[in-house]
Amino acid sequence: MRRLLLPLLGIVALLGIWELYVKASGVSALVLPSPLDVLRALYNDRGTLWHNFKPTAAETCLGILLAAAFAAVASVALHFSTVVREALYPLLIASQTVPVVFLAPLLVVWLNFGLLPKVIVVALVCFFPIVVMTLSALETVDPELIKLMRTFDAGRWQTFIRVELPSALPGLFAGAKVAVVFSVIGAVFGEQTGSNSGLGYLLNVTDANLESSEAFASVFVLAAFAILLFAMLTLAERRTLPWVHRLKSSQA
Amino acid sequence: MIEIEAVSRTFGPGRRGGEPVPALRDMSLRVAAGETVAVVGASGCGKTTLLELICGLQEPDAGRVQSAPAALMPQSDLLLPWLTAIDNAALALRVRGTGREAARAQVGPWFERFGLAGFEQARPYELSGGMRQRVSFLRTLLAGKPVLALDEPFAALDAITRAEMQGWLARILAQEQRTVVLVTHDVEEAVLLGDRVLVMSPRPGRVIADLAITGARPRERTDAAIVELRARALEALAVSA
Chain A
29 MRRLLLPLLG
39 IVALLGIWEL
49 YVKASGVSAL
59 VLPSPLDVLR
69 ALYNDRGTLW
79 HNFKPTAAET
89 CLGILLAAAF
99 AAVASVALHF
109 STVVREALYP
119 LLIASQTVPV
129 VFLAPLLVVW
139 LNFGLLPKVI
149 VVALVCFFPI
159 VVMTLSALET
169 VDPELIKLMR
179 TFDAGRWQTF
189 IRVELPSALP
199 GLFAGAKVAV
209 VFSVIGAVFG
219 EQTGSNSGLG
229 YLLNVTDANL
239 ESSEAFASVF
249 VLAAFAILLF
259 AMLTLAERRT
269 LPWVHRLKSS
279 QA
Chain B
182 MIEIEAVSRT
192 FGPGRRGGEP
202 VPALRDMSLR
212 VAAGETVAVV
222 GASGCGKTTL
232 LELICGLQEP
242 DAGRVQSAPA
252 ALMPQSDLLL
262 PWLTAIDNAA
272 LALRVRGTGR
282 EAARAQVGPW
292 FERFGLAGFE
302 QARPYELSGG
312 MRQRVSFLRT
322 LLAGKPVLAL
332 DEPFAALDAI
342 TRAEMQGWLA
352 RILAQEQRTV
362 VLVTHDVEEA
372 VLLGDRVLVM
382 SPRPGRVIAD
392 LAITGARPRE
402 RTDAAIVELR
412 ARALEALAVS
422 A
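Protein chains in written order, with the numbering used here: chain A, 29 to 280; chain B, 182 to 422.
If you are wondering where the hints come from, they were derived from the structure by calculation, not from laboratory data. It is possible that part of the hints are untrue.
If the Cβ cut is set under 8 Å, some of the chain A residues that face chain B in the computed set are [claimed, not checked]: (1) Glu172; (2) Asp181; (3) Gln186; (4) Trp271.
Note that the structure is a prediction, hence the values are computed from the model and not measured. Glycine is no exception: its CB is placed at the ideal position from the N, C-alpha and C atoms.
Next comes chain A alone, as it looks inside the complex (with noise of 0.2 Å):
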């Protein structure tokens, strides 16, 4: 209960503050709407944020999806092959530093519009947080548990799917969850350089239209998006790894 509670007061005080502001400093609804402002956007134009939300959570979530999957591959490679470790890391981290909003156009001149371009653009940011953790779980594994698995005659695959793996599935859901906060910039950037719906296409039509209530109402979405899909992550978590939970709470 408490844990539902003091976010929502959160939330409350934060708009409380915000519409008293925009109440007493009379600033203009073009510059900064009112949370009721916003509200009634939400309401108003519910039709046009469901319609143009659903391609958005398509792209996010495939773009995880994708992210996840490439990242648990190349965090076992890297992990395995001090070759590759050293060949690709470094190329890893450079291709973080590519700014999404130059890749984004890139990416819709080479693959068209549609669905692929902002899923890629998703995936690239998502990636490299999940690939960190999950490598960052591989290498912490405890060196005594690796040796009790070589007296056991333990091979390398044998103490990875066995000691390893097990171990780095809660560094994959910690990435995972710091890689959702950024999936839905990534596929508001993808859908903001090309595209002709989702709330990205949405936010730049009603910025050209100065729509600033409908424009936070995007916004709103959007982050209502990200907080729930890191609640359905944690829930997750909590369903497949309940040893995390419990080994955290039992150390506090």
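Go by the hints and put chain B onto chain A.
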């Protein structure tokens, strides 16, 4: 069963330079089949290095190490949190290719013997410290190696649980025909459990006293012979320090 002759092992110097650290120098040791040898010494005297040499996890820089296959029991229990107690104990069997159900059936009776009955499905974090060590010991025992290398198995336990576990391990080892090398910094533990107690010098480690422990089992901490041996081992440690 185990023959170690004039073994030396030095670590480093690391990449950043510094002095190389000699862990063992000119260390010799023979352990007969079925014997339990307790090795005591100050921390950093190369006890763990000795166990890893026996387990084949390290190679000596000089000298000769020959040992029958050995299974390691690490200092902290290191049970896998995603497995139940019974599946943790069955780890070595599973590695060897035994099916999940067959392995569980094999482990089941041991849980009974080890006072773990009813906790088969418990997760490691639901077990007490003593129980976790028993599961950890069982896991190493079931690896089926003639030699057990125990690395300070009870160091992490509180004093009362540790005393209980020492008595328990003494009973189990009396029933099991295994060769055991037990590394500990607890002299009392060494004289209670060992057929022989080896006292090691501080780094670089070598054997400075080899005390045979006779007398009937089960031993009590208060037995005159045990008290005297404990004093002799402590004296050897003090001289070396």
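>> Which constraints among the numbered hints does this structure fail? Numbers only, ascending.
In response: none
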